[in-house]
Every structure is written in structure tokens, then in C-alpha cells.
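There are 2 protein chains.
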Amino acid sequence: MQAPEGWEIQRHPLGWSKRYAFANYAQTRHFLDLLTAVSEKLGYYPNLNFAKTYVVIAIQFENDAVDPERAKFAAAADDSAQQTRES
Amino acid sequence: MQAPEGWEIQRHPLGWSKRYAFANYAQTRHFLDLLTAVSEKLGYYPNLNFAKTYVVIAIQFENDAVDPERAKFAAAADDSAQQTRES
Numbered sequence: 001m002q003a004p005e006g007w008e009i010q011r012h013p014l015g016w017s018k019r020y021a022f023a024n025y026a027q028t029r030h031f032l033d034l035l036t037a038v039s040e041k042l043g044y045y046p047n048l049n050f051a052k053t054y055v056v057i058a059i060q061f062e063n064d065a066v067d068p069e070r071a072k073f074a075a076a077a078d079d080s081a082q083q084t085r086e087s
Numbered sequence: 001m002q003a004p005e006g007w008e009i010q011r012h013p014l015g016w017s018k019r020y021a022f023a024n025y026a027q028t029r030h031f032l033d034l035l036t037a038v039s040e041k042l043g044y045y046p047n048l049n050f051a052k053t054y055v056v057i058a059i060q061f062e063n064d065a066v067d068p069e070r071a072k073f074a075a076a077a078d079d080s081a082q083q084t085r086e087s
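Protein sequences, first through last, are from chains A and B.
By full-length UniProt numbering, the letter at position 54 of the first sequence is numbered 54, and the numbering carries on one by one without gaps.
By full-length UniProt numbering, the letter at position 83 of the second sequence is numbered 83, and the numbering carries on one by one without gaps.
Heads up, a few of these hints could be off.
Pairs count within a copy or across copies, as identical chains cannot be separated in the list.
As the list claims (entries may be wrong) - Taking lysine-lysine and the PhoX-like style, the derived pairs with C-alpha atoms no more than 20 Å apart in a straight line are:
hint, residue 1, residue 2
1, Lys41, Lys72
2, Lys52, Lys18
3, Lys52, Lys72
4, Lys52, Lys41
5, Lys72, Lys18
Hints in this document: simulated from the structure, not taken from any laboratory.
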């Protein structure tokens with residue numbers, strides 16, 4: 001399964017990561033809140049690294065194989081970023 | 001100025017970091033919400049790295065010197081962690 005556009009692939013362990021930049025802290029907070037909902041829906045909590053105007057998501061896969069369930073987080077995060085920037 | 005107890009010191013650039021573990025995601029969220037209030041009060045947004053049951057705070061200082069204002073974030077974070085675990 002290919003990483004979605006804009007996601008970087010890490011090896012050992014296999015993972016996808018992406019950095020999102022935002023105009024201000026309010027947008028960053030809004031994005032983080034949307035990600036919380038995604039996590040609760042998918043039951044998966046990736047490592048999130050953030051400060052005032054950026055969020056880096058690191059999705060890690062076990063056994064060096066892309067898990068389709070976890071992979072869903074990537075597309076949902078992209079949608080959440082778009083939603084954040086449009087709101 | 002010494003790093004408070006439990007905070008690790010990084011060099012080049014100078015910084016303090018600490019990892020907080022929590023029993024569940026609800027506690028992690030509560031702690032992050034308290035940190036948001038600290039950031040808004042101090043006007044400083046350190047790098048936060050978290051997943052379901054941990055948060056790592058990385059405070060960075062400029063010009064290799066401890067800035068007392070930013071240093072306040074460390075003590076406030078410790079208080080917030082205690083508050084989180086007692087609630």
C-alpha cells in the first residue's frame with residue numbers, strides 16, 4: 001500500500017510521517033481536536049509532535065507491514081487539515 | 001538557574017525536557033489542556049510530543065542561557081501533572 005501524497009516513509013520500523021503548518025495556534029488546536037476524534041474513531045493514537053504553528057504526525061506500523069486500519073489515519077488527517085484551513 | 005528536579009538538560013541548543021506518563025488518554029488530554037492554559041498565560045508554546053499515555057515537553061532556550069520566563073513553564077507543567085493525576 002503506497003503512502004498518500006505528502007507523507008514521508010520511514011524504515012525500521014516502517015512508518016509514515018507528515019508535517020502540517022498552520023497560520024496560528026487556534027488553527028493548530030482545531031486540527032489537534034479533529035485528530036482526537038479520528039483517534040477515538042479508529043482506536044489508534046499516533047505520535048503527535050506540535051508547537052504553536054505546526055503538527056508532525058508519525059504513524060508507525062508493526063511487523064514492517066502497512067496496516068490498512070492505521071493507514072486510514074493518514075487520509076483522515078489530510079481531510080482534517082483541509083477542514084481546519086477552510087474553517 | 002538549575003533545571004527543576006526530573007528535567008533533563010540538553011546542550012546546543014540549551015533546553016530542558018521531561019517525559020510524563022499517564023494512566024489513560026483522558027488524563028493525557030486533561031494534561032495537554034492544562035498546558036494550553038500555561039502557554040497562553042506565559043505566551044510560550046514549547047514543543048510537545050505525545051501519544052495515548054505520554055507527553056514529552058521540550059523547552060528550548062535562546063543564546064544558550066536559561067530564560068526565567070520560559071523556565072516558569074517547567075514548574076507550571078509539573079504542577080499541571082500533579083493536578084491531572086489527583087483529579
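Evaluation of the provided hints:
{"no.": "1", "hint": "Lys41 - Lys72", "result": "within (11 Å within a copy, 36 Å between copies)"}
{"no.": "2", "hint": "Lys52 - Lys18", "result": "both (16 Å within a copy, 19 Å between copies)"}
{"no.": "3", "hint": "Lys52 - Lys72", "result": "between (26 Å within a copy, 18 Å between copies)"}
{"no.": "4", "hint": "Lys52 - Lys41", "result": "between (26 Å within a copy, 14 Å between copies)"}
{"no.": "5", "hint": "Lys72 - Lys18", "result": "within (14 Å within a copy, 31 Å between copies)"}
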